[in-house]
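Read off the chains here:
2 protein chains.
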Amino acid sequence: MIDSLINKIIEIQNPACVGLDTDFSYLPEEMRGDTATFGGAAQKIVEFNRNIIDSVCDVVPAVKVQVAYYEMYSCEGMNAFYQTIKYARAKGLTVIADCKRNDIGSTAGCYSKAYLGNTQVGGANLQAFPSDMLTVNGYLGYDGIKPFVDDIKNRDKSVFVLVKTSNPSSGELQNLMLANGKYIYEQMGALVSEWGKDLIGKYGYSEVGAVVGATHPEEAARLREQMPHTFFLIPGYGAQGGSAQMLKVCFDKRGLGGIVNSSRGILCAYKKQEYSGMTYYEAARAACLDMRRDLQNAIGKFGA
Amino acid sequence: MIDSLINKIIEIQNPACVGLDTDFSYLPEEMRGDTATFGGAAQKIVEFNRNIIDSVCDVVPAVKVQVAYYEMYSCEGMNAFYQTIKYARAKGLTVIADCKRNDIGSTAGCYSKAYLGNTQVGGANLQAFPSDMLTVNGYLGYDGIKPFVDDIKNRDKSVFVLVKTSNPSSGELQNLMLANGKYIYEQMGALVSEWGKDLIGKYGYSEVGAVVGATHPEEAARLREQMPHTFFLIPGYGAQGGSAQMLKVCFDKRGLGGIVNSSRGILCAYKKQEYSGMTYYEAARAACLDMRRDLQNAIGKFGA
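For the record, the sequence lines run as chains H and X. Taking the numbering used here, the leading residue of the first sequence gets 1, the next gets one more, and so forth. Taking the numbering used here, the leading residue of the second sequence gets 1, the next gets one more, and so forth.
If we strip away everything but chain H, and leave its shape as in the complex, we get (with noise of 0.2 angstroms):
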């Protein structure tokens, strides 16, 4: 799935994800009008998902779809959630589902069907949430892994595994030193390029991709320099306050190498002064062509 995914990037000249963490209080009021169900909020968001997607699917080649977005409300949450990866897909976006799932083997094989596989029920296979990649916590070491590496394997999937996190507090434990002299998110690093290392498609990266935030350009470099076949997937760039100049560390001399995610900064453009008069996704539109300019500003060109 990472060649598609490239592909996708060069063809159209946009490295960039849309985050779907669609908070019901992101959507402009006239739609939120008195719902106070679960059920109306999930329908609202369904709706307001569909409009974002259908006006960015040409200017961007994946959704990053954040499920605890979605586990806040309730069961029909989760089926908003449904709907929405489905509908990106059928739209042609690659859908990564941020989930950050993590367990032993046998349960990390459940969460391996619930996103990436299918589910076996009586003579059936069934898919639950099928996405084309899915974030994930290497925290328990390889056989809590093992079970996505599996259906990488036979489905044409990819994980993103936490190397180094956007978030402030990130290095109370990832920027730790070793008695090896690495530090833990280093470590990390070592252990995600080792586990992805047979599972390099033809641009020289790998389906176990890592996650590594735009805000610590100094961590992302050094990464970068030891994971060269590892693709990042790169959260932080605008309201965490990531830059362009600070995440172009994460590419290679192609411009190839990462994803930048931008969730707020595109479903909550229209509440900007410089997109004003813009619907909602007329104003996504709009920031996802003005992210891409901020890219290529800083990078040039992808792959081409």
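Derived by calculation from the structure, the hints in this document are not laboratory data. Warning: the hint list may mix true and false statements.
Here are the simulated SDA-like cross-link-like pairs (lysine to any residue), alpha carbons at most 20 angstroms apart as the crow flies [stated by the list, open to error]:
1. X/Lys86 - X/Asn118
2. X/Lys253 - X/Ser243
3. X/Lys146 - H/Ser169
4. X/Lys271 - X/Glu30
5. X/Lys197 - H/Ser169
6. X/Lys8 - X/Lys253
7. H/Lys44 - X/Gln120
8. H/Lys8 - H/Ala90
9. X/Lys44 - H/Gly123
10. H/Lys146 - X/Glu172
11. H/Lys146 - X/Pro168
12. X/Lys182 - H/Tyr183
For chain H, the structure is supplied; the task is to place chain X on it using the hints.
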């Protein structure tokens, strides 16, 4: 919530919880029938769980519901998760949602709303998957934990942070030595102690607990010594190879300090020779009583 749980452990004299990791294949064949849809499987899983809960609710203080086993049955599975936690709480059981959630602060806030707090929709405050306790992963540091701590303070809840997990490759990262002479799992333990230091209840244990696997007695002993105020959620007993002798190091001189999970050993007890002739729920109850005897033989009385 930790004091309520310990009260129940002392009352019932059983520091055990039943893991409702209910894979559809665990159900008796005649119950599965020719079910081949998510909705059908979900309905049967709820029926199975309710019968287990009815049968064990006076001999165990808590259930741990592993969400991966519900996510794999899509939205219908999440509804089964909801029905299960609702039923268990109505029966007086403490519900531990085993979700190992983790993310940056704003997103961790959504997860906390989903499981411990409530979600605002318009003027309504709604509960998505109301649980008493939640497992979380601390790789992102404190700002990914703080939203849970806020709900703990406001709503009498608890969390368990992964420290030393029960799986075979847990040492791949967790047992690396830091430059400061501590193992990573000990450092995570130190962070967990710090995060919970203002939330210590009447038994001397904090609302911020730790997941410490029964399968690693040496590490568990070090952590018990290092973290005298941290309550342990102890997976790995039974099917994963952990024994009462191995995990007794998690308990203090009063016989308090942990709750031991068993999943397949209880849910699938009916398949074992020793419980033949029993229904699955009778076998589950018998297995809970056997587990209590086993823990009592190794540890003694619990807080009495």
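Hint-by-hint comparison with the structure:
1. X/Lys86 - X/Asn118: holds, 15 angstroms
2. X/Lys253 - X/Ser243: holds, 19 angstroms
3. X/Lys146 - H/Ser169: Judged against 20 angstroms, a Cα distance of about 11 angstroms means the pair holds.
4. X/Lys271 - X/Glu30: holds, 13 angstroms
5. X/Lys197 - H/Ser169: Holds - the C-alpha atoms of H/Ser169 and X/Lys197 are around 18 angstroms apart, at most 20 angstroms.
6. X/Lys8 - X/Lys253: Holds - the C-alpha atoms of X/Lys253 and X/Lys8 are around 18 angstroms apart, at most 20 angstroms.
7. H/Lys44 - X/Gln120: holds, 15 angstroms
8. H/Lys8 - H/Ala90: Within the cut-off at roughly 15 angstroms; holds.
9. X/Lys44 - H/Gly123: holds, 16 angstroms
10. H/Lys146 - X/Glu172: holds, 13 angstroms
11. H/Lys146 - X/Pro168: holds, 12 angstroms
12. X/Lys182 - H/Tyr183: It holds: about 14 angstroms lies between the C-alpha atoms, which stays within 20 angstroms.
In the structure shown, no violation is registered for any of the earlier numbered hints.
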